[in-house]
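A.B. asks: Sequence:
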Amino acid sequence: MGKCFIGALVKATDVSAPTIRYYEALGLLKPIRRTRGGFRVYDETAIPMLKFIRHAQRLGFSLKEVRQVLRAWQRTAYPCETVREIAKQKLTQIDALLKRLMALRERLQTLAQSPEALDNSKPSPPCICHLVMDTPPLDEPLLPLPPDWDKTHKRRKKQRKKRQTERIPGLETD
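The number in our numbering is simply the position in the sequence shown, starting from 1, with 6 added.
These are computed hints drawn from the structure, not numbers from a lab.
None of these values were measured; they are calculated from a predicted model.
Not one of these hints is a red herring.
Quick list of in silico lysine-lysine cross-link-like pairs, DSSO-like style, CA-CA up to 27 Å: (1) K9 to K57; (2) K105 to K70; (3) K36 to K57; (4) K160 to K70; (5) K70 to K96; (6) K70 to K164; (7) K94 to K57; (8) K70 to K17; (9) K94 to K105; (10) K17 to K57; (11) K17 to K36; (12) K94 to K70; (13) K57 to K70; (14) K70 to K36; (15) K96 to K57; (16) K163 to K70; (17) K9 to K36.
Label-pair ranges, simulated between beta-carbon atoms: (18) L32 to S120: 44 to 52 Å; (19) E91 to R39: 32 to 40 Å; (20) V138 to A83: 50 to 58 Å; (21) L117 to V16: 43 to 51 Å; (22) Q170 to L103: 31 to 39 Å; (23) L32 to K96: 14 to 22 Å; (24) G13 to D145: 46 to 54 Å; (25) K9 to A31: 15 to 23 Å; (26) K168 to K105: 34 to 42 Å; (27) Q99 to K164: 24 to 32 Å.
Positions of the beta carbon are idealized from the N, C-alpha and C atoms, including for glycine.
Produce the complete structure using the sequences and hints provided.
C.D. replies: Written out as structure tokens, the structure is:
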């Protein structure tokens, strides 16, 4: 194929142009150069690289993990050990998730088969549904939150609030 522009990559890989630019911004893919007009020019390695990234994502690899694999490939030309380590970590995470899912399934099954569910009388406040309140929840969230969740959550909340106040004339905050 030789050298190509982003449009040819889109056609060859079915990955959108904005996604390709995003991968470039993350350092996962690099054009070999830009034309005078600013168009990105890619070489023949871009297509297998994009296919690898997408396939790894479908296997559950995050883009951060894909970057680890690509860096190992650039350093040693043999990234399979990195892939194995990430796969082992993923298996541990999946096993923990399956365990929590089975515990949740058991609780929901008990709740669904509860004879008290046949009582259609409206409960009095503050109880909305005694079945929910009588069923013990899981000790931890089904999916663990990322370590930086709180920071990200607060930042996004602040950004939303800022956008909302920008839309309301006369309501500016410092």
